[in-house]
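*Asks:* Here are the chains, one letter per residue:
Number of protein chains: 4
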Amino acid sequence: MIMLFAKKSKDHRTIFKVGGVEIGGKGIVIVAGPCSVGDEKSLEATAADLKKLGVKIMRGGAYKPRTSPYSFQGHQENGLKILSKVAKSYGLLTISEALSVEQVFKVAKYCDIIQIGARHMRSSPILKTVGRLKKPVLLKRAISASYKDWLYAAEYILKEGNNKVILCERGIMGFGQETRNVLDIMSVDYMKRKTHLPVFVDPSHATGKREMVYSACLAAIAAGVDGLLIEASHSPNRELSDKRQTISTKTLGKIIKKGRTLAKAVNRSLV
Amino acid sequence: MIMLFAKKSKDHRTIFKVGGVEIGGKGIVIVAGPCSVGDEKSLEATAADLKKLGVKIMRGGAYKPRTSPYSFQGHQENGLKILSKVAKSYGLLTISEALSVEQVFKVAKYCDIIQIGARHMRSSPILKTVGRLKKPVLLKRAISASYKDWLYAAEYILKEGNNKVILCERGIMGFGQETRNVLDIMSVDYMKRKTHLPVFVDPSHATGKREMVYSACLAAIAAGVDGLLIEASHSPNRELSDKRQTISTKTLGKIIKKGRTLAKAVNRSLV
Amino acid sequence: MIMLFAKKSKDHRTIFKVGGVEIGGKGIVIVAGPCSVGDEKSLEATAADLKKLGVKIMRGGAYKPRTSPYSFQGHQENGLKILSKVAKSYGLLTISEALSVEQVFKVAKYCDIIQIGARHMRSSPILKTVGRLKKPVLLKRAISASYKDWLYAAEYILKEGNNKVILCERGIMGFGQETRNVLDIMSVDYMKRKTHLPVFVDPSHATGKREMVYSACLAAIAAGVDGLLIEASHSPNRELSDKRQTISTKTLGKIIKKGRTLAKAVNRSLV
Amino acid sequence: MIMLFAKKSKDHRTIFKVGGVEIGGKGIVIVAGPCSVGDEKSLEATAADLKKLGVKIMRGGAYKPRTSPYSFQGHQENGLKILSKVAKSYGLLTISEALSVEQVFKVAKYCDIIQIGARHMRSSPILKTVGRLKKPVLLKRAISASYKDWLYAAEYILKEGNNKVILCERGIMGFGQETRNVLDIMSVDYMKRKTHLPVFVDPSHATGKREMVYSACLAAIAAGVDGLLIEASHSPNRELSDKRQTISTKTLGKIIKKGRTLAKAVNRSLV
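Chains as they are written, first to last, in the numbering used here: chain A, 73 to 343; chain B, 73 to 343; chain C, 73 to 343; chain D, 73 to 343.
Hints are supplied without guarantee of correctness; some may be wrong.
BS3-like, lysine-lysine: derived pairs with alpha carbons at most 27 Å apart [claimed, not checked]:
# : chain 1 : residue 1 : chain 2 : residue 2
1 : A       : Lys-181   : B       : Lys-200
2 : A       : Lys-231   : A       : Lys-281
3 : A       : Lys-329   : D       : Lys-82
4 : A       : Lys-123   : A       : Lys-181
5 : B       : Lys-326   : C       : Lys-128
6 : B       : Lys-266   : B       : Lys-336
Covered stretches of chain A (chain D as the covering partner; in silico rule of three or more C-beta atoms under 8 Å from a C-beta of chain D) [said to hold, decoys possible]:
# : stretch
7 : 114-125
8 : 293-304
9 : 313-323
In case anyone wonders, no lab produced these hints; they're calculated from the structure.
No experiment lies behind these values; they were computed from the predicted model shown.
Glycine included, each C-beta is placed from N, C-alpha and C at the ideal position.
So here's chain A without its partners, still in its complex pose (with noise of 0.2 Å):
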């Protein structure tokens, strides 16, 4: 049986644009923002800062999953509502995550790309409701999930009609304590080899170390990824979840400078 997330040929990608951003094309694509939306304000300072360093798309969760149920579940539709505002007001597109089949129709509303997070990556109900759409959606790798449970995850979206899909890299379970996750940076090269769907790399979850975040974004670049999704702030230390890993927009400049560079290197450029 031929999947529809494999390659034809070669050269088969899929490119698609959200707003004016092209998704998998030579560009590499960077997204940032918070790990949860806080208050307007704060938000604000975040987007102006994006928007300085030339970011298009910010991203900011809105509904949180947490292990567990007495830490901050985020701030719900209203996070959304503030997300889209701020936004719409810096000329950003937005990215922000769903956990729910009635979620997906929030995020989807309110948003350019809708973010299925690692722990519903098997959730065949919200995939199939996300395929059914026609925005894009970014599904991130579930962090025990082999190669093959996230290219049939992926494939319950295309099934349904919607290939505007980008893979996300956020890291997998690995030995020890001392990095959240283990990035695993060949997922880049294994996936653009097999599917013609763009690759994404969360740097901040992959490494839940904000002093880690720089080199894994440059790994990344070097891999062949498409896009990269950082968990970015103008105060990282006043965020309400993930501050730990959560870099300095001051940091991302530095990213996005030596990225530059990097990426030419690679025959690719940052976006």
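Mind docking chains B, C and D on chain A? Use the hints.
*Replies:* Chains B, C and D only, in chain A's frame:
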């Protein structure tokens, strides 16, 4: 912070009744039935056998979580109707899995126990939803979940007010491809020390091989389990999914017989 | 290619004697003793208790595999001498671990069974060396070994002509930090089907917690184990290593008592 | 306790020379050659190619760690002799693996660097032995080792007085069977922060697929690696082991060329 799942004393146990069946008490409860609900006639043959064996609760999937979108996805609501109808005519109670918030309400309508499977153990919207219902919930452990992750998933349900939560070990990921999963038998002992909730074992998914189900059941009984969730059928080879790990009701009879002897040896009984 | 470890028929079993003790037969063999050999007096207290409980084989490490070079490395050859001397005076047989080819010869000189630990299961020079000796070998499973890896390690020994090989499950790596390892209980059943070799379980390393050893032993007996390798001491808290998982000989007595009842329920006996 | 592997200051680095080659300095060192040493003529063809490409150190296994005792175990001491002879005639330095204490002395006799492979990373007698020699040691990470385990293995060597230790990431166990291992690329960054020791990457074992070696090398360079240990041969398909992951010296040439550009982009050079 004191968690709701935590024991308040050494002997603190949650015991509740489903229909007339006591869960979490001295008796070890057998739940059995096919992986997925097929046609009515087949299910009746299995139900009749279960009845004869003294089994009180029948399992059967209507919404099936499958890796591939091209695999059988279950008969959906119609499957629940068949399950419910057949179970009633044989005086059996039922359990079935829900993969989304919407499906939780469907399963709650037709069944006595709502199962949250391994793939959705970390799905907070689903956990919150079952937490707001009065129905008992069987919460399977995710294939790469730590004990803490699993207990926190239970906490999501308890926090919403539903304390009829059964923990169900169903195997975790291991090394090698010889068995489907690794039955973490000591999770039973660990959980019985840590929490007041009843702990079940699913020997079928834990091993993925029908010839290993017998030993897995005996080991679970010796380890202190409160119940067993077994894939069994009148005609395993005709089932629509998980044939390879489904035992015949004849083998189930042998397990129950030997299980009774073993249960007695550890001061329990088998119901 | 037919492997030497493979069963030639359903009832094919390797049964051999160490001293007067039959390994691989109907009786389940208890091996117990401290993690590492300390001073002679402490070991004598343990040996005396073991003798009273009817235990025939005493364990005790002289060469200790430790993660840190600053941890106690064992009393080396002197430890073997103490072990051997104390065991003889109480009429016990002995087992101890070798970490190198050279140590294999030392252990062979002083002990009745040579233990190859989890860290050296894949060490072909060591496997070949014990394969050329006549002494029984207890081969522990490596913490991330598949069944195939483990069986092939046994094959290294068998190929050299020594067929007195005992496989010993001692837990594999899992998820979370709550227990030291995951006792893969079903490895017993799997191995008993696949190979004619006796299969033991080490409940102490498998759990890392002394309070879980009791349940682990019962589960292993129910699962069909041929022997148990238990860290036990007259005074667990005074031991030089692995205190946390060492049970008192008093608890060992309780395990043996309940174990006898359980063994009988599965048509075995406990020796 | 302050470990010997720990950095004393941000810029603390261990730099040493093997022959004329600086390890741990600004230059990224290429080590290449076949998985195992075969016949002299084949090795000469590879050596000639390496020489032309400017590679200074040749790898080649004489003692091969194999899962099955029926797989090629290497040409043993004769392999070391061939490796040494061919290398000398082409002015190359050599590295080869030792699997036992005894083999350490053999490898030390014929080679410039002693390799401790993944399977023996935790073997304290071997670690102590190389620690007492003056020869540089390349210490591979075990497939399921945490960073801490790996660093403590290095500490065993450092403690004995040998500080010429190279850490080499070679992939860890992951999920699925599509690649041999998971290249934990961030281990490079982590180790460079934590320790003063040089860090290498082995892209061949890390991926197990020759077509992925190119990307793996680029990612490693971008991530800050100090050297690359690559399985390469004049005629990969004629090699006696690991053919599937061995690249041609022609491909190696391409990697070196692109690697130079990339190294420059991160302020390094390639030697």
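*Asks:* For each hint, tell me whether it holds in the structure or not.
*Replies:* Tested hints:
1. Among the hinted pairs, Lys-181/A with Lys-200/B is consistent with the structure: their alpha-carbon atoms are about 23 Å apart, no more than 27 Å.
2. The straight-line distance between the Cα atoms of Lys-231/A and Lys-281/A is roughly 37 Å, outside the 27 Å bound, and the hint therefore fails.
3. Simply put, Lys-329/A and Lys-82/D have alpha-carbon atoms about 23 Å apart, close enough for the 27 Å limit, and the pair holds.
4. Proximity of Lys-123/A to Lys-181/A is assessed by CA-CA distance (about 23 Å); at most 27 Å being required, the pair is judged to hold.
5. Pair hint Lys-326/B plus Lys-128/C does not hold up; C-alpha atoms about 35 Å apart against a cutoff of 27 Å.
6. Note on Lys-266/B and Lys-336/B: the hinted pairing holds, with a Cα-Cα distance of about 24 Å set against a maximum of 27 Å.
7. Counting residues of the stretch 114-125 of chain A whose C-beta sits closer than 8 Å to any C-beta of chain D gives 0, which falls short of three, so the coverage hint is violated.
8. Figure legend: the stretch 293-304 of chain A, annotated as covered by chain D; annotation consistent (4 residues with Cβ-Cβ distances under 8 Å, at least 3 required).
9. Only when three residues or more bring their CB closer than 8 Å to a CB of chain D does the claim for the stretch 313-323 of chain A stand; here the count is 0, and the claim is violated.
The structure is inconsistent with the numbered hints 2, 5, 7 and 9, although it conforms to all the rest.
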